[in-house]
Amino acid sequence: MVFDFNFVKEAFPIILMAVPMTLFLAVTSMLIGLVIGLIIALIRIYKVPVLRRIAEIYVSFIRGTPLVVQIYLAYYALPYEIVKIANDWGAGWTEKSLPSTLYAIVAFSLNASGYLSEAIRSALESVDAGQMEAAYSIGMTRMQGMIRIVIPQALIVALPNFGNLFLGLIKGTSIAFMISVREIMAVSVIEASVGYDFVETYLMAAIIYLAICFIFERLFKVIESNLKAHRAEITA
Amino acid sequence: MISLNDIHKRFGNNEVLKGISLDVDRGEVVVILGPSGSGKTTLLRCINHLEKADRGQICIGDLLVNCTKLSKQDVLNLRKRTAMVFQHYNLFKNKTVLENVIEGPMIVQKIARDLALANGHLLLDKVGLSDKYDSYPYQLSGGQQQRVGIARALALNPEVILFDEPTSALDPELVGEVLQVMKKIAREGITMIVVTHEISFAMDIANKVIFMDGGVIVEQGVPSDIFVRPREERTRQFLKRIMPEYTYAI
Numbered sequence: 001m002v003f004d005f006n007f008v009k010e011a012f013p014i015i016l017m018a019v020p021m022t023l024f025l026a027v028t029s030m031l032i033g034l035v036i037g038l039i040i041a042l043i044r045i046y047k048v049p050v051l052r053r054i055a056e057i058y059v060s061f062i063r064g065t066p067l068v069v070q071i072y073l074a075y076y077a078l079p080y081e082i083v084k085i086a087n088d089w090g091a092g093w094t095e096k097s098l099p100s101t102l103y104a105i106v107a108f109s110l111n112a113s114g115y116l117s118e119a120i121r122s123a124l125e126s127v128d129a130g131q132m133e134a135a136y137s138i139g140m141t142r143m144q145g146m147i148r149i150v151i152p153q154a155l156i157v158a159l160p161n162f163g164n165l166f167l168g169l170i171k172g173t174s175i176a177f178m179i180s181v182r183e184i185m186a187v188s189v190i191e192a193s194v195g196y197d198f199v200e201t202y203l204m205a206a207i208i209y210l211a212i213c214f215i216f217e218r219l220f221k222v223i224e225s226n227l228k229a230h231r232a233e234i235t236a
Numbered sequence: 001m002i003s004l005n006d007i008h009k010r011f012g013n014n015e016v017l018k019g020i021s022l023d024v025d026r027g028e029v030v031v032i033l034g035p036s037g038s039g040k041t042t043l044l045r046c047i048n049h050l051e052k053a054d055r056g057q058i059c060i061g062d063l064l065v066n067c068t069k070l071s072k073q074d075v076l077n078l079r080k081r082t083a084m085v086f087q088h089y090n091l092f093k094n095k096t097v098l099e100n101v102i103e104g105p106m107i108v109q110k111i112a113r114d115l116a117l118a119n120g121h122l123l124l125d126k127v128g129l130s131d132k133y134d135s136y137p138y139q140l141s142g143g144q145q146q147r148v149g150i151a152r153a154l155a156l157n158p159e160v161i162l163f164d165e166p167t168s169a170l171d172p173e174l175v176g177e178v179l180q181v182m183k184k185i186a187r188e189g190i191t192m193i194v195v196t197h198e199i200s201f202a203m204d205i206a207n208k209v210i211f212m213d214g215g216v217i218v219e220q221g222v223p224s225d226i227f228v229r230p231r232e233e234r235t236r237q238f239l240k241r242i243m244p245e246y247t248y249a250i
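Chains R and G, in that order, are what the protein sequence lines are. Numbering follows our numbering, with no gaps: position 118 of the first sequence is 118. Numbering follows our numbering, with no gaps: position 104 of the second sequence is 104.
Isolated chain R, as found in the complex (with noise of 0.2 Å):
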């Protein structure tokens, strides 16, 4: 086999053009993963009636099915139910009305949320009751004891987990090609077969990978220590 510089000089600048769209897919999902796993996390700690089961039955599900399968779920189900919904009211849509990156980032955001509604509420039930009571007894209401005083320190006991999900997520991105999503790996799938030069396009596409998530590696890392450095025994 001959390894084709040239190729991948011309390739490379192309690939790299897809990164923002790897990014934007999962810095989003990963936000919107975070509201939803957050909220199934509460309804799971108070164990409110009925949404507890559902809940429940929700990360199950999530945890218990591949990526994929939840990808194409999203993109061969969803289509058709939002249209319908969408024309009930008159918008005269197709199932082509809306971008395919969007169902990526449904899928995504569900999964995300899935595996940080666990990471969450083992951060949330490591803060000592204690630190609610207290926040109780000078007069707090729940809503003012959990944003002021238990989740900055959960916050702390959920970080290093928070950063392996998303490196997870950043990898997982590269599923959204199979619904033909323009990412790093759509477009490297894309660039390989006009000549046929997988092996090359395929090292880049794995560089590049490298490349962002150690840089997100780092960056969890100095906010970790960051934190870590005001608030050191917390977990203690």
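Each hint should be verified, as a subset may be incorrect.
Straight-line alpha carbon distances no greater than 35 Å define the calculated DSBU-like cross-link-like pairs of lysine-lysine that follow [stated by the list, open to error]:
hint : chain 1 : residue 1 : chain 2 : residue 2
1    : G       : K72       : R       : K47
2    : G       : K80       : R       : K228
3    : G       : K240      : G       : K18
4    : G       : K80       : G       : K95
5    : G       : K95       : R       : K47
No lab work stands behind these hints: they were computed from the structure.
With chain R fixed as given, assemble chain G onto it according to the hints.
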């Protein structure tokens, strides 16, 4: 003026409080004694609704609430009139000493930051921690943490401060500094209800001593009566156990 009327509380099959009634006057220091499991901590926690009493009335200043039907607002009102010092301090671990003290005034009472800060400095000076404003709780000894706990309670300017075994988790050599601060604020006329095993504190400072056992108040009175001439056999037995020298002190 605080008054509790016929407070009942049960955990499952275990009836912890069987109708407690109690009056505390403004500026009074009331010490609650009793063997473990007698319900004294539960009683204290019912006053600021960290435990929900099943039945009874609580009156604090101008607020009268019925424990059977409490609204969320009632609960907040109870808590705004009380403050608590915990056995395990429960300082906010993500906040500095000073932030712990100003948190209630600023967030709950909406007092301006500079006012809250000035008062916070004063209170921390009072409990002898002028050099620890910016320390985090984990950097302090147990005794220092508990003094911050007392300053945090004082900062709320409550009608009453509830002390839940404030020295039980401390190393013996640190108990003194906390008791000293408690004596100081008692002399300033702060209303205090104290669950403790510190007999000497009760003798020196309490206006009233309450002896609880099995979910009822067995006996109450001024310290000199309770400690020197207890009327009830159960009180006598308990005192004998926690202060062996008592047998000779008569």
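Quick rundown of the hints versus the structure:
1. For the hint linking K72 (chain G) to K47 (chain R), the alpha-carbon distance of about 19 Å falls within 35 Å, and the restraint holds.
2. For the hint linking K80 (chain G) to K228 (chain R), the alpha-carbon distance of about 33 Å falls within 35 Å, and the restraint holds.
3. Taking the CA atoms of K240 (chain G) and K18 (chain G), the gap is about 25 Å. The hint holds against a cut of 35 Å.
4. Using a Cα cut-off of 35 Å, the hinted pair K80 (chain G) and K95 (chain G) holds, with the two alpha carbons roughly 21 Å apart.
5. Our distance criterion of 35 Å between C-alpha atoms is met by K95 (chain G) and K47 (chain R), whose separation comes to about 29 Å.
Hint check: no violations occur; every hint is consistent with the structure.
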